[in-house]
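Asker: Residue strings, one per chain:
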Amino acid sequence: MIKVIKPGLQTTVQDQGRIGLYEIGMPPSGAMDKFSYTVGNLLVGNQRNAAALEITYLGPVLQFGRKLRISITGGNIPPKINGQPVAMWETLEVQEGDTLSFDFVQSGARTYLAVEGGIDVPVVMNSRSTYTLIGIGGFQGRALAEGDELAVGDMHEKKVPVGTRIDPSLIPVFQKTHEIRVVVGLCSYRLTEESKAVFLESEWTVTPEANRIGYRHKGERLKFVERQQPFGAGSNPSNVTDLGYPIGSIQVPDGVEPIVLLHDAVTGGGYATIATVISADLNRMAQIKTNEKVKFVSVTLEEAIGARRNLRDQLMKIADAI
Amino acid sequence: MSDKKAILSPLPGVFYRKPSPELPDYAKEGDVIKAGEVVGLIEVMKNFYEIKAEEDVLIEQFVVENETIVDAGQELVLVKSQAS
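If you read the protein sequences in the order shown, they are chains A and B.
Going left to right, the first sequence walks through residues 1 to 322 as my numbering numbers them.
Going left to right, the second sequence walks through residues 1001 to 1084 as my numbering numbers them.
Next comes chain A alone, as it looks inside the complex:
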């Protein structure tokens, strides 16, 4: 059992996500940075889909009800056990009554706490992930609150020795400026040539609204090619006839402030999607803070698939070493 003394800003239960229901309009939710989440589970010997806590910006204060192996991965929100700093990206052990707390965020935005066995909450549509917008999954469909008591599950498959670490060269470093790779399309033809260039050449600033649903970016206004809007499309030039939105797709309502749709976002609609963040970089997108800078870099589909393969190989390498 884990008791929530203080909840942090937005701490939610997440796993790999509610996969396979996109066509009925259900976004997957799930860990925003799946690389860090997955390494967290590996370090405590959990099955791949065990639920962890996703901590955003401000850490919670948690008290453990029994001896347990844990790991803390992702953005650097420096963790402390009973007030003493402890390592991230390492298998740790807590004793009954130990308290985990965190210092102010140093780099990145989201930190994962994995516990041996996973966080046990009811499975809703194949997943324990919290989808706060409609209040399903996770702990009572919401972010953690003071006084909550979390049960620990049984999704444990391997005993990992305390002190196990991963190769330091495989630990991601999160800066304050970010290059995020995108595949241009599906509706990029709607932008003027000049605005296509502006989109890729600008340094965008992430706004305070950025959350699990989407990241909004401030910068120059983009212009769409003038046309008579087709049947079924809205009247604004940024509108198209409805389409499915890929996860990571970028829309620019009225040409103002591009929004990258993320894991809790609407699954389709009538805005032109001008590019899509490649799946390998969604993890890094999750570690971008409000007020940080983003540059979108165009890559080919082959490069995107290559990046995904590299990420999978890295995780395989980490799993083998543990």
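Label pairs and their in silico Cβ distance ranges:
| id | chain 1 | residue 1 | chain 2 | residue 2 | range |
| --- | --- | --- | --- | --- | --- |
| 1 | A | Pro85 | B | Glu1055 | 22 to 30 Å |
| 2 | A | Val266 | B | Ser1081 | 46 to 54 Å |
| 3 | B | Pro1024 | A | Lys3 | 31 to 39 Å |
| 4 | B | Lys1046 | A | Phe104 | 19 to 27 Å |
| 5 | A | Asp167 | B | Ser1081 | 40 to 48 Å |
| 6 | B | Ser1020 | A | Ala145 | 21 to 29 Å |
| 7 | A | Ala145 | B | Val1063 | 30 to 38 Å |
| 8 | B | Ala1035 | A | Glu193 | 53 to 61 Å |
| 9 | B | Ser1081 | A | Asp242 | 57 to 65 Å |
| 10 | A | Lys3 | B | Asp1025 | 35 to 43 Å |
| 11 | A | Ile5 | B | Pro1024 | 29 to 37 Å |
| 12 | A | Val225 | B | Lys1046 | 27 to 35 Å |
What the hints contain is simulated information worked out from the structure, not anything from laboratory work.
The C-beta atom is built at its ideal place from N, Cα and C for all residues, glycine as well.
Based on these hints, arrange chain B on the given structure of chain A.
Answerer: Chain B only, in chain A's frame:
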């Protein structure tokens, strides 16, 4: 002994000095406030987080203006400890 300190923002977001636009500021320069009292809000991800004094303090200066975007760890208010 000098007891000058700064209250830092624990998270990035927009700093507000008042609970809503038509209400007065939580605190002014020169006020003495008690531990646990609110000096401002940080808005991020459509959440509002209250910034509180950790001990009884005299507010010397707000270094960040109302509705400014701040980074995590940035100084918001300079204060002087009132503990004896």
